[in-house]
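In order, the protein sequences belong to chains A and B. The first sequence begins at 1 in this note's numbering and counts up by one. The second sequence begins at 1 in this note's numbering and counts up by one.
Honestly, the hints are just simulated from the structure, not real lab data. Check each hint, because a few of them may be wrong.
From the structure, some residues in chain A lie toward chain B, with a derived Cβ separation under 10 Å [said to hold, decoys possible]:
{"no.": "1", "residue": "D94"}
{"no.": "2", "residue": "Y96"}
{"no.": "3", "residue": "L98"}
{"no.": "4", "residue": "I103"}
{"no.": "5", "residue": "I105"}
{"no.": "6", "residue": "L204"}
{"no.": "7", "residue": "L256"}
{"no.": "8", "residue": "E265"}
{"no.": "9", "residue": "R279"}
{"no.": "10", "residue": "Y287"}
{"no.": "11", "residue": "R288"}
{"no.": "12", "residue": "Q291"}
{"no.": "13", "residue": "E434"}
{"no.": "14", "residue": "V491"}
We put the beta carbon where it would ideally sit given N, CA and C, even for glycine.
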Amino acid sequence: MNYDSERPRNTFCGRTRREFLWEAGGAFTSVALAGMLSTDDFLGAQTVAADGVTAWKNPLAAKPPHFDGPAKAVIFLFMYGGPSQVDTFDYKPDLYPLDGKTIEINTKGRGGTRNQGRVVGPKWQFKQYGECGKWVSDLFPHLGGCVDDIAFIHSMTADAPLHGSAMLQMNSGRILSGSPALGSWVNYGLGTENENLPGFVVMLDPTGGPISGAKNWSSGYMPASYQGTVIRSNGTPILSLDPPPGMSRQAQRRLLDRLREYNEEHAEPRSENSELAARIASYELAYRMQQHAPEAVDLSGESEETRRLYGLDQDRTKEFGRRCLLARRLVERGVRFIQVYSGGNHNDHNWDAHGDLVKNHEYHAGGTDLPVAGLLRDLKQRGLLDSTLVIWGGEFGRQPTAEYAEGTGRDHNAYGFTMWMAGGGIKGGTSVGETDELGNRAAVDRFHVKNLHATVLQQLGLDPNALSYFHAGLDQKLVGVEGAEPIHQIVA
Amino acid sequence: MIGATMPGCAQQRGSAVAAGPAVLLALLSAAPGLAQTAQTPADGIKLFEENVRPVLEANCYMCHSDPERAENGLLLTTRAGLLRGGERGPAISTSEPPMSLLLQAVGYDDEQLQMPPSGRLADADLEVIRQWVQLGAPFGGDEDELAEVAPAEDAFEITDADRAWWSVRPLARSDVPAVEDPDWPLNPIDNFLLAKIEAAGLDPPPPADRRALIRRASYDLTGLPPTLEEVEAFEQDRRPNAWERLIDRLLASPHYGERWGRHWLDLVRYAETDGYERDRKKPSAWRYRDWVIDALNADMPYNEFLTHQLAGDELANPTAASVIATGYLRLGIWDDEPTDTELAQYDDLDSVLDTTSRVMLGMSIGCARCHNHRGDPIPQTDYYRMLSFFRGIAPYKVGGGNQPTPVNYTGWIPANLGTTDESSLPVDWGPANLIEVLRVKEIGPEAPPTHVLIRGNPHAPAERVEPGFPLILGDADPGLEPRAPDSPTTGRRLALARWIADDGNLRTSRVMANRLWQYHFGRGLSPTPNDLGRFGREATHPELLDWLATEFTARDWSLKSMHRLLMTSRAYQMSSRPPEGALEVDPGNDLFSRFNMRRLAAEEIRDSVLAATGRLNLAIGGPSVYPPMPAEVLATASQPDKAWGETTPDQAARRSIYIHVKRSLLHPLLESLDLADTDSTCPVRFTTTQPTQALMMLNGDFMSEQARALAERIDGAEGTVEDRVAEAFEAVLARRAEPVEVARGVGLIEELQREERFDAEAAFASYSLLLLNLNEFAYLD
């Protein structure tokens, strides 16, 4: 028998999907049909929510923004562990001659509060790049070539100089767990444009997740529909995506067709319960996801030139390069928010350079500089950079002084650090804010993580001070009930 | 803005308390070149117009100029605004200008109070502001108001409307309403519902069939499916009290405590780790879980159940069980490496208070941590008065580093503490008889003082408060007495527990009666069970709720008695099929014109799969188990190789409530099926429908293994393939298969063998997998 495995048979007892759901009618009572029917305007117009009045909205259907925002998607390159600003993008020439000298300086990190410290001069030289003449350290020769597309924020501040709480803040706006991640907010606000893939994707480092694991992409008090989905860059991309051994796609199609027959019979006398129809549809969507997700992560169609651009031909860059290339492919396929981690696990598996700064940062910058530059160039040449907001940075920065009596290791620093953004309507070739002359604390135009988050939402066309979710008696916002301004200086 | 902190609501920035002279010296010396030049009021106004106003406009007015939206209520556009100040107090001091809060803030030397947030002003600007403040901060013109100014904080007052709010009115037992159809009601609950159904012009709802009823009751009371034999026995039981007998049997089952214990664990955000960086395991947290199960199985009166959790150690005769119950106070997330130690301790206490007030009182007292409650008559002082009941609790951690202080929250106690007659048989404190427990400990008979914290900031204490109950709930005297010097605790928690557990408490019985209704009927009479205040939703049947609450106390707070009452109503036994006209008249089912269908909860689905395949291990209690975790999920942990434990296959097949609850690494199948959030109290679970659930239910290792297990159990050694299909169907759905249903299953098996070259066992396992994915399996009528 010739079996078309891509098409469900006897769909809804001979009716079309539209007819079936129309007949099902009545009240949609759950957070259901995630993304399944988003393209079907007919349904959107005909169905109603549990109160019987409000037009039904599928939680992940693409939604109009508050206003026209240039960005349609976000790629957050998370440099987990905290890169040192004075060794990367925050040029402090006065710091070099102080190397080894003990000075009065107020710092706070893992080792507590200190009033003096031994300066560790920047371990790399800086050069000027681009038309804007940006000083960039020798750790990033490739990114140096992209500075005219980048806006640097040198005066970032966060509330906690410790990984767990600072990670949560960078990801969810709060140092306590339980709040939705930035990616959840974006999907809550805009929905997703591809019903066959998750709208919020996280790609982790091969050494492991960051501290606090899944809390960093949790939807917190929002429904699970908005939580991040971990996609692996090698092997099966999504948990349980592959059918079990021996189950071919066609065999699974047969199973699903029979399952649907039973389920439709069960649903028929229960037509007012839309969850039943939604669950039937969710199996079809899962089936389609099995087809689309592997395609999305299959790099075999990428040209040699593209692979080189991302450093897939080099041992030290191929791992992160692969994830950057995947990020571009996911953007092309309508995924709304993608987070890529550089570094995982603990200590020197990430940017947390407490011991040997040179070894640590050479390793992590060396693995990411070329791929990140490749990503920016590739997005630009494909015309995607204008609509894709790229964010680079960690949960905090590092101190200009040494953590221990000996060595070059630097402790955490939430008082001042650098992050950058590119694309998505960001003004390239700009730098805002300054740290003090030692690069220790944000001194001029200080910005908080909340301002960064507000900027992301604004570029996507969402008003950061209006996007809210009612929970525990409050209209909760990503930027907190007190609100926050976007960083206007970096917006084109 | 001056001051900027809202722990628990927004970002964490500290605040200044006192301005040390050093701060001002630093400021004065900041611009030595500028001497004081302005001397007269006219000079001051000129200084303001020419030098100060431009600085304020450029740097401050974005947040401090709109009277409606000024940050922290501080307005810098008028002198009155400065004098009144914001939530931190006046911005300028006319008696001691150099001590003015405004100068501290712009001076930037205090870590906790730095304005404007974007960066320190230029030295010259600072100097003119200082001069201007020294002159009394004149504005000139009409703005120069020197009149006495009222304090900024809103005057708090409880209004008549506040006292008339439905959930704080005295509990009244209304008359049972009359109904047109006197035969329908089986008990007064039915009168309350039917009166409204009839008023809407609807007929009384028809009854559910017996199979639907026994499935409904079995899952509701035990979280487990009935077997086919049980279903058929019930269908054939024609005794008039067959239903009551079924309920009694289920209530007597030890699995009742597991099902209802899980509801409670959702409410108290039960987990076994601290949730932070290392997500450390809390020692023996599982004993609290077992205590909950045991207490519910024993039908411990609900008010006693609460008392033990709040103050089981402060009872006259504490037992090992009552001490374990205080693990309740240790279930929250704990930051083991806080940036601000003091704030972390308040966060911990806040979590305890917020959970306690929402769960036991249905009140969002936590909203009053930083300011008076915006909706309910709960002043900020109420929050701190209530918080002070917990102020004696020893902190999770003392000192620096990331090592907690286990002696503050664990202990070794005799397993039979308090259960023997101490006069004749001393409790054995020998090592062999000791068990480790997660428990509350206090620092001694005296608690540290509790202050109202401005904007919730521990570094900005204001007036001192003493323990007290929320004003709107009567403000009774807590009756605290001095404790003996050697007393390990303050006795405060016991005082709080006694008040909550009192029959006369306006909230306790209402809140739990609402929850009982919710868990049986699919939504609470008030759909927001953790908040019966103005931010919640009003009860659709407030008279019924009050009637149930009074019934609850009259029945000595017996939960099992309440289950019987609710379940023997006609309402509980009605069909989920909407009667004629019900969907039009009552689309949201506000009237309970039909029973609410529901999807099984995450644990019920997993447990039911194991029950259907015969693999379920029904052992009760004990340390948590670690079913295999997919490698993909382990890879999300920061230390994948240390993230999870190992368990034998037999133990891995325990009920889901016994799976180790690690906050950063939740069981993926359960999590995808809407497991309760582990960080804050979860009063109602979401029911989402997502393709990732379908992927796990179709492709996950657990499901593949269970499909094979079902095929092994129904081995088909005797009989036809039709018989085998029917038998598997019956094992999963607990009903006889119709011929067409058998034929469909046989059809699939044959197709897979013929077209896909499956062998007979693989084909049957595929059919088994199909059965476990049926909507009929996952949904209750």
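Return the status of the interface hint for A:L98: holds when the least beta-carbon distance to chain B is below 10 Å, violated otherwise. Violated. Min distance 22 Å.
Minimum beta-carbon distance criterion (10 Å), A:V491 to chain B: This interface hint is violated because 16 Å lies over the 10 Å limit.
Close enough to count: is the Cβ of A:I105 nearer than 10 Å to one in chain B? With a closest approach of 14 Å, the A:I105 hint is violated.
When the nearest CB of chain B is found for A:E265, is that gap smaller than 10 Å? holds (8 Å)
Using Cβ atoms only, decide whether A:Y287 comes closer than 10 Å to chain B, and label the hint accordingly. holds (8 Å)
A:Q291 as an interface hint toward chain B, with CB separation required under 10 Å: violated (12 Å)
Chain B contact restraint on A:E434 - CB to CB distance below 10 Å: holds (8 Å)
Regarding the hint that A:L256 lies at the interface with chain B, is the smallest CB-CB distance below 10 Å? Nearest chain B Cβ about 8 Å off; hint holds.
Can you verify the interface hint for A:Y96: is its Cβ closer than 10 Å to any Cβ in chain B? Violated, about 25 Å.
Supplied contact hint for A:D94, tested at 10 Å Cβ to chain B: violated (19 Å)
Using the nearest Cβ pair, does A:R279 come within less than 10 Å of chain B? Holds. Min distance 5 Å.
Would the hint on A:I103 be counted as holding, given a Cβ-Cβ threshold of 10 Å to chain B? violated (18 Å)
Checked against the numbered hints given earlier, this structure breaks hints 1, 2, 3, 4, 5, 12, 14; the rest are met.
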